[in-house]
Amino acid sequence: MEMLEVLVEMFEMFKSNMVNIPLIQPVIDALMNIPIVNYIVALVLWKPFFAIAILPGLGGIMIVLLLMVYWERKLTARIQWRVGPLEVFRPLRGLIQPLADGFRYFFQEVIVHVDSHRPYFVQLPILTFIPVLLPILFIPAGEIVAIRSSYAIQIIVALIALIPITIIAIGWASNSRFAYIGSVREAMMYFAYEVPFVIAVLAMILMYGSGDPYVIVEKQSVPGVIMNPIAFLVFFIATLMATSRLPFEIPEADQEIAFGPFVEYSGILFGIVMTLAYEKLYIMCLLMSILFFGGWNGISIPLLGDLSPAIWLFVKAVVVMLIVALARSIYPRFRLDQALKLGWTSMLLISLVSLALAIVIRLSGWLG
Amino acid sequence: MKEISIDVPVEPPAELKPLFIPIPPEYVEDAYKKDEYLVLVGPQHPGSGHMRIIVRVDGDVIVDAIPDPGYVHRSMEKLAENRLYIQNIPLFERPAIMDNANFNLGYIRAIEEALDIEVPERAKYLRMIMAELCRIGTHLYDAAILAVFIGHTTGFMYPFAIRELICECLVKMTGVRFTSSFIIPGGIRRDADNSVLDFVKKATFEIERRLKNFEKIFIKNPATIARLKDVGVLSKEEAIKYGVVGPFLRASGVEYDVRKVEGYEAYDELDWEIVVADEGDGYSRFLVRVNEINQSLNIIRQAIGRIPEGDVISQDLFENVNANTKNPKDIRGAFYDLFANLKLPLGETTTLTEAARGLLLYTIISDGESNVPYRVRIVSPGWLYLRGFMESLRGERLADLQAIYGSFGYFPPEADR
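Chains as they are written, first to last, in this note's numbering: chain A, 5 to 372; chain B, -9 to 407.
It is possible that part of the hints are untrue.
[As the list claims (entries may be wrong)] Chain B is faced by these chain A residues, among others (derived, beta-carbon under 10 Å):
id: 1; residue: W85
id: 2; residue: R86
id: 3; residue: R189
id: 4; residue: A257
id: 5; residue: S333
FYI, nobody ran anything at the bench for these hints, they're computed from the structure.
Note that beta-carbon positions come from the ideal geometry of N, C-alpha and C, so glycine has one too.
Build out the structure end to end from the sequences listed, making use of the hints.
Below, the structure is given as structure tokens:
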């Protein structure tokens, strides 16, 4: 009896906090009259669940992965006087190529080599989803938010720092020399970007006077990138470093250490670890949109209701990602020591400049 | 700061024992006792080519590098002993298929020197044009490999796209994209008419135009310069001591080019310069080759401008043979009549050729009575500069291994023969 009461109570909780989308409201109303189905519909549309599972959470990540892999290959190909993916579903110019690649990974044999620490080796690729999804709990998209906190930005930055640890753990579990070198490089790269990155975020928080995304977005009548472009520059370079994109693709450097920490993975496990950098990039782009591009500010579409700001945030993040993909075809890879030097000299310096700029803006009382 | 050593018994990894690696077990143990470790790069590694490099690493710094070549050894010298002299022509193109004309030319020149055949002027010019086209093709290929080794995929694709023009020129001249076996004792297989030569000349301008794009995106890229500058430095003395050859020797400041020294074919009749750099680092090794492309384009244009009319197959060959078709412009139909029973006089002949990657040596020893060589010795440039390549790795970082590899353009099939 108690069980049923709890379920009813939870149903009431879901119903009281549902995503409101006028476009599909009649359908939802009809579904809400059917028993059991209404429970599922209420759960899916419950804002915290929606934020994690659909937008900007897992559903968003899925779209980003498919789109990003295709875009990256196609864009790189066009720059390089090539055609790129084309043959898989020709009417859409090979748009579902990443899906085909994913299927390939699914049906490939997963080899777990003798020297690996077997339980960790198999578990860690799946466990890495935890630090990837944790920051999403705190990233609000308009009204759709899992956990509302006035220190959300700080928490997101702290949780992003968990991701390198899982990569290092993957390298350790692989127990191979290239994986070892890759793990050390990952740790070093973390060293290189973390301090300027934190200072840049700190500058923005100081400028807005709050770590609450709602306050930050509200204050951006002018986008943050125009108010403090220096902090944006540091943030952008730190994003490239953190997600091991070229020219900082140092931990994975396939010609040097053959995908570093992930060298021993095959099949779907490799498919999962390969997406890790893209997921991290997605989260950092969401954070970048909130801090520098006005978050979910945008023309409101009444038909989409609560979904409209979420879509604005998503679109902004995706556009940033598409631009980041361009770096791949322009730059070769830096060496580890050069990246470290860059992080601890120029980047640290300009991040401090951005901090000073933020203080000046704060003291001028422009943002109130 | 005093270094504290912790006396932990270190076992070298078991994988280092069963493999065929050309180092004694004591070396492995010594490395592991000194807190260093061995990284086996290759032969199945995206940045090693068909060879293995045993790298002894202290932290991130390379202490020692031991090459383990021979994975694509095809025993060409032994194969050559059982084939007719002309059957060896396709064989000896294969060490470096990008550079086939130079390899072909070296072998043919050895035969011509032994038989004392005078080559017609027009054939010399056409051979030279082909050799220079192949040189450009090889340098572009190496530039592409260098680019992808330091992670620049656009720099990989552009030179290969430019190289298509070279292949197109060779198709017009010979009928195949590469490994055409076109150079034969006493000349070349058939003449190229003026429309073909015009096409080649136009192609050189197009190559130059496209190279500008490549220069913008890769050669002048600040990240490329940062990666290659002051990396893998070989001083002038070291380069001479380790026997480095070709563009890599010239990058260390030694002005030596067999084309100038021997002046074979018609190189001494044209106006061109030896490209030299002083730094001896990875970037200068790359730049020397890029500038050599420009010099080669210059040579091709001059050669097309000055090419004389006339035969392309030496008249000396036709003297003793009852060939049905004695066409000095085209060998077709008379090839086996002329060459199947080719015999070299007793003795040893050696020629030096400047292949794209450097000095190429052919020695043919003949017993004077059989139509196969008694012994052929090839020393390819890759084999000669392997030592310098390994020495330049010392003291650099592990990540620089591929950058230096690419800057040398080391090509295992060429070195292994």
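Results of checking the hints against the structure:
1. W85: holds (5 Å)
2. R86: Hint on R86 (chain A): holds, closest Cβ of chain B at ~6 Å, below 10 Å.
3. R189: R189 (chain A) check passes; min Cβ-Cβ to chain B is 9 Å, inside 10 Å.
4. A257: holds (7 Å)
5. S333: holds (5 Å)
This entry satisfies every hint, going by the numbered hints stated previously.
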